[in-house]
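Residue numbers (the numbering used here), protein chains in the order written: chain A, 1 to 376; chain B, 1 to 376.
No wet-lab data here; the hints were simulated from the structure.
Note that this is a predicted model, so its numbers are computed, not measured.
Be careful, since some hints might not be right.
Which copy is meant is left open, so a pair is good if it fits within one copy or across any two.
Unchecked claim - Below are the BS3-like pairs computed for lysine-lysine, each with C-alpha atoms no more than 27 Å apart in a straight line:
| hint | residue 1 | residue 2 |
| --- | --- | --- |
| 1 | Lys-89 | Lys-66 |
| 2 | Lys-89 | Lys-268 |
| 3 | Lys-290 | Lys-89 |
| 4 | Lys-66 | Lys-268 |
Protein chains: 2
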Amino acid sequence: MSLNSLNTPAALVDVERLQRNVRRMQDRVDALGVAFRPHVKTTKCLDIVQLQRAAGARGITVSTLKEAARFHAAGFTDILYAVGIVPAKLPQALALRQGGCDLKLITDSVEGAQAVGAFARDHGHTFDVWIEIDSDGHRSGVPPEAPALLDIGRALAEGGTRLGGVMTHAGASYELDTPAALAALAEQERAGCVRAAERLRAAGWPCPVVSVGSTPTALSARALPGVTEVRAGVYVFFDLVMANVGVCAPDDIALSVLTTVIGHQADKGWAIVDAGWMAMSRDRGTQKQKHDYGYGQACTPEGEVIPGYVLSGANQEHGILSRAGAMDPEIARRFPVGTQLRILPNHACATGAQFPHYDALAADGSLREWPRFHGW
Amino acid sequence: MSLNSLNTPAALVDVERLQRNVRRMQDRVDALGVAFRPHVKTTKCLDIVQLQRAAGARGITVSTLKEAARFHAAGFTDILYAVGIVPAKLPQALALRQGGCDLKLITDSVEGAQAVGAFARDHGHTFDVWIEIDSDGHRSGVPPEAPALLDIGRALAEGGTRLGGVMTHAGASYELDTPAALAALAEQERAGCVRAAERLRAAGWPCPVVSVGSTPTALSARALPGVTEVRAGVYVFFDLVMANVGVCAPDDIALSVLTTVIGHQADKGWAIVDAGWMAMSRDRGTQKQKHDYGYGQACTPEGEVIPGYVLSGANQEHGILSRAGAMDPEIARRFPVGTQLRILPNHACATGAQFPHYDALAADGSLREWPRFHGW
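Given the sequences, and given the hints that come with them, work out the whole structure.
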């Protein structure tokens with residue numbers, strides 16, 4: 001099989017780059033002396049997560065209970081469900097745990113903790129619950145110094161639950177783009193989460209796990225005293241947002257969309273390709289960053305960046321490829337109908353989700369289908 | 001089954017609204033005296049397309065050959081593949097036609113027409129090819145007055161192809177928001193496509209079909225002399241972009257995402273819900289329109305708009321629900337953990353694509369799963 005045999009658009013994974021990214025993060029976290037728990041929401045792909053495990057990952061992080069169920073069925077047991085649990089999802093969580101999955105839940109409120117406890121006691125079960133800490137104000141979590149933290153600890157001590165740890169995600173790191181700012185946020189993330197654990201321990205509750213992470217902070221932390229594990233997801237592919245953040249180069253990006261030129265509007269400098277937003281996703285994450293790549297950066301079929309050529313527009317199954325800045329009057333000659341190109345994505349998690357499978361391209365040129373799942 | 005039994009996020013279809021939308025478009029196109037060929041890329045759902053056919057649709061439009069194959073397998077034969085054909089996809093197209101599918105292809109270039117012809121002659125087949133007309137400058141197609149139009153006609157007369165018609169899509173209609181501007185663009189779309197057909201006929205090639213359409217122009221056209229059929233897709237669900245364009249009201253929107261409140265950041269006026277961008281899609285189509293709905297408009301579980309409350313932010317599995325303008329200090333009391341809400345989407349085609357099935361809610365409150373497919 002060759003690239004020419006693939007039906008486009010296709011989600012192409014460069015396995016060499018993928019392996020390099022997996023190795024880089026594992027080495028980094030090993031050097032920091034903590035465990036690594038990759039977030040599988042990026043790929044939802046067993047073939048890839050097995051590579052992460054083989055490289056040294058311990059346990060996985062999931063964003064949906066479907067991911068938990070699928071990976072548990074494939075032999076993973078140590079699973080953190082990193083979205084606040086709600087009562088309606090407790091029956092699914094219980095079924096997973098009763099089936100042998102060591103599933104950890106998270107909460108950031110007293111009412112959440114109480115709901116888990118009440119359900120657990122009704123079912124004669126004890127859930128492992130971690131408290132979500134807000135270390136950067138970007139989303140969920142209880143601040144490390146908040147009085148509510150100890151209220152949640154107290155609620156978790158009422159039976160039916162075991163306080164397994166604290167976790168945080170410094171998602172604000174996606175908005176940074178200098179090593180100094182990233183290192184500072186990594187330290188803020190670490191310090192906040194460790195501080196929360198210390199307050200809980202001082203109140204008398206063991207809090208064995210201190211879990212932090214995002215791809216940018218994991219790669220920018222200088223030391224992680226008090227932390228027991230790091231989580232990260234998008235590093236496995238990287239993407240243009242991460243390149244703008246500064247934690248990878250464009251040629252580290254392991255996921256691209258293989259596309260075919262289907263036409264032109266030569267007087268506008270446009271080539272029309274068969275990768276629209278259905279393939280790329282609607283993610284415009286680089287729009288507010290220092291380099292706006294439109295809907296993606298064009299590369300040769302071999303994966304080399306073609307400087308200046310980006311997907312400047314996207315409809316459902318049409319992408320508009322053009323040169324940023326001055327229009328290219330030679331676009332139709334440069335990229336005739338039938339030309340294959342790779343497009344690097346803004347956000348690998350969003351682009352991957354548009355495809356039922358990845359086409360994994362090995363260094364020897366061989367291709368394999370790696371299925372991924374979607375939905376909840 | 002009740003809404004409470006659904007796993008959230010879920011793609012909820014209000015069947016009563018859907019049926020009303022189907023009826024409205026069919027009645028409108030019937031009144032214009034032309035055939036209606038719905039675009040099934042919006043739903044990719046057999047249950048829904050069967051309703052469109054039952055209401056009077058003749059033939060369907062698809063955006064991928066996978067849609068063509070799936071709908072042909074389900075008994076649809078008259079299918080227009082409305083994305084410019086490339087040589088690599090001709091074997092799939094041939095297989096469909098040889099299997100009894102009356103598949104129509106489109107092209108907007110001489111090289112495209114020649115490639116289809118050469119492949120067809122090699123395989124002893126004749127393809128039905130329509131010429132794509134650019135009636136508004138927004139994407140693909142050859143302008144009605146371009147010399148190239150007749151060159152394409154000539155290329156299609158060289159054997160292996162039959163010029164079945166001309167088609168256009170005035171996608172620029174999505175950028176308008178007054179009835180007068182929409183009616184004017186509908187007339188421009190009609191006139192351009194009819195003019196192209198007349199030029200081809202004057203050159204001696206029969207051009208039986210004149211196919212136009214987009215949801216906004218289809219609903220705004222005052223008369224369609226010379227047109228034989230209309231195409232439209234998103235009208236079946238409608239969405240917030242269409243509400244801003246002015247061709248529907250928010251309570252016509254038949255697709256919403258059912259979500260559950262999972263937490264709060266009360267001092268910021270945020271409720272966190274389990275519909276993030278993985279559920280809503282990253283589409284921010286209302287961003288530049290007169291009313292920006294963020295990632296979607298919140299409604300009660302019964303589907304009534306809650307004025308001012310929108311998804312102001314989205315991570316992969318987290319949505320941030322807040323009041324536009326002044327923050328709501330009572331958000332945690334207004335929407336406690338476990339509260340279900342419906343979120344109306346910016347762009348129904350993009351939101352639907354995030355789900356493996358729709359949950360179809362009938363007027364009597366009963367629920368059914370309607371599968372949809374994704375990928376290529």
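Hint by hint, here is what the structure shows:
1. Lys-89 - Lys-66: Within one copy only: 11 Å inside, 34 Å across.
2. Lys-89 - Lys-268: Intra 52 Å, inter 26 Å, cutoff 27 Å: inter-copy only.
3. Lys-290 - Lys-89: neither (40 Å within a copy, 38 Å between copies)
4. Lys-66 - Lys-268: neither (45 Å within a copy, 31 Å between copies)
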